[in-house]
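Novice: Sequence:
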Amino acid sequence: MLYYLSELLRFNLLTYITVRSGAAFCLAFILTLWLMPRFIVWAKRQGATQPILSHAPLSHKSKQNTPTMGGLIFIVCAIVATLIAGNLNNGFVWIGLLTLTLFASIGVFDDAKKIFHKKNDAGLTAKFKFIAQIIAALIVAVLLFCATNLSTHLYVPFLKEPIADLGIYMQFIWVLVLVSASNAVNLTDGLDGLAAVPSIFAIATLAVFLYITGHAIISESLLMPRLVGVGEMVVLASALLGGLLGFLWYNANPAEVFMGDSGSLAIGAFIGYAAILAKVEALLLLIGFIFVVETISVILQVGSYKFRGQRIFLMAPLHHHFELKRWAENKIIVRFWIVALLSNILALITIKIR
Numbered sequence: 449m450l451y452y453l454s455e456l457l458r459f460n461l462l463t464y465i466t467v468r469s470g471a472a473f474c475l476a477f478i479l480t481l482w483l484m485p486r487f488i489v490w491a492k493r494q495g496a497t498q499p500i501l502s503h504a505p506l507s508h509k510s511k512q513n514t515p516t517m518g519g520l521i522f523i524v525c526a527i528v529a530t531l532i533a534g535n536l537n538n539g540f541v542w543i544g545l546l547t548l549t550l551f552a553s554i555g556v557f558d559d560a561k562k563i564f565h566k567k568n569d570a571g572l573t574a575k576f577k578f579i580a581q582i583i584a585a586l587i588v589a590v591l592l593f594c595a596t597n598l599s600t601h602l603y604v605p606f607l608k609e610p611i612a613d614l615g616i617y618m619q620f621i622w623v624l625v626l627v628s629a630s631n632a633v634n635l636t637d638g639l640d641g642l643a644a645v646p647s648i649f650a651i652a653t654l655a656v657f658l659y660i661t662g663h664a665i666i667s668e669s670l671l672m673p674r675l676v677g678v679g680e681m682v683v684l685a686s687a688l689l690g691g692l693l694g695f696l697w698y699n700a701n702p703a704e705v706f707m708g709d710s711g712s713l714a715i716g717a718f719i720g721y722a723a724i725l726a727k728v729e730a731l732l733l734l735i736g737f738i739f740v741v742e743t744i745s746v747i748l749q750v751g752s753y754k755f756r757g758q759r760i761f762l763m764a765p766l767h768h769h770f771e772l773k774r775w776a777e778n779k780i781i782v783r784f785w786i787v788a789l790l791s792n793i794l795a796l797i798t799i800k801i802r
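So the number in my numbering is just where the residue sits in the sequence shown, counting from 1, plus 448.
Keep in mind the hints are simulated off the structure, nothing from the lab.
Ideal placement from N, C-alpha and C gives every residue a C-beta, glycine not left out.
Only true hints are included.
Here are the simulated lysine-lysine pairs, DSS-like style, with alpha carbons at most 27 Å apart:
{"no.": "1", "residue 1": "Lys511", "residue 2": "Lys773"}
{"no.": "2", "residue 1": "Lys575", "residue 2": "Lys561"}
{"no.": "3", "residue 1": "Lys492", "residue 2": "Lys561"}
{"no.": "4", "residue 1": "Lys511", "residue 2": "Lys492"}
{"no.": "5", "residue 1": "Lys575", "residue 2": "Lys754"}
{"no.": "6", "residue 1": "Lys561", "residue 2": "Lys511"}
{"no.": "7", "residue 1": "Lys779", "residue 2": "Lys511"}
{"no.": "8", "residue 1": "Lys577", "residue 2": "Lys561"}
{"no.": "9", "residue 1": "Lys509", "residue 2": "Lys779"}
{"no.": "10", "residue 1": "Lys754", "residue 2": "Lys773"}
{"no.": "11", "residue 1": "Lys509", "residue 2": "Lys492"}
Computed spacing ranges between beta-carbons, pair by pair:
{"no.": "12", "residue 1": "Leu762", "residue 2": "Leu794", "range": "23 to 31 Å"}
{"no.": "13", "residue 1": "Thr463", "residue 2": "Gly751", "range": "46 to 54 Å"}
{"no.": "14", "residue 1": "Ile579", "residue 2": "Leu790", "range": "33 to 41 Å"}
{"no.": "15", "residue 1": "Thr463", "residue 2": "Leu762", "range": "48 to 56 Å"}
{"no.": "16", "residue 1": "Val750", "residue 2": "Phe576", "range": "13 to 21 Å"}
When you get a sec, could you build the whole thing from the sequences and use the hints?
Specialist: Laid out in structure tokens, this is it:
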């Protein structure tokens, strides 16, 4: 809307991505701050509160009556802000909005089954959820391959040139990135603000890469891949940052609301999508380091118990391990935030090491 208004009024200021990104951030932030307390009241009345699984640490019992599905609010606010501030002629933006919608829908279905089907507080089966994520990721990957000019080259950190052009097979890499990132953020979402802040760091870092990739002069000077139209994705990334920050206002310890799978699956998928567009799929291991560590801890725990009959950690994901070691919740959260911040700073440093 703002983009078309700028063209109609010939007001060039609103054509700048940076200006519209700032507008999207503020709109999403304000909308989330305004809507979230109303959602919390509604959720309490409807009984849409967080179910606590039987195998969770005992300390989580105190969180049992906390409303969940708050992710739906900041996702919707981010979408609305993007529709207002973004250039809707951009295909990358529409596919980005579709990515958020598809994965948030899976999360809503999962959350609803946990909340309103009391006999099945585990939600969707792992198999069903995984298949749904693969289908959603395939839709996104096929659209990127068939409807955009996105490069199918595979880049790795520190190298100026791509290591391979995978052509049609690059879609399988994209599906892997989307599903892996979505599940990784979902696994991390276990303590107040634990997933939100590392997600903010990751999206902010990816916004920098997206802006550079979409900018002809900067991308050339930094020897980074150049892709026309990708820069507009900074508006959507900024809107999501604003929504997440507004959500964090109520999710900070002690949390008044949780994002649920509605938010975590969508955030993770967006992080994967942004990494694909910025051609930093491999660097995502560093950008989302906390999410990677949490996921690896689960894989190691399951694998060790299956093949050796022994556990590596007291409980997985890793944050539960530290809970059982009697670390205070705030200490776990803040230390994870610090690691996430440092890993994203390192990821940004790689921009100049080429």
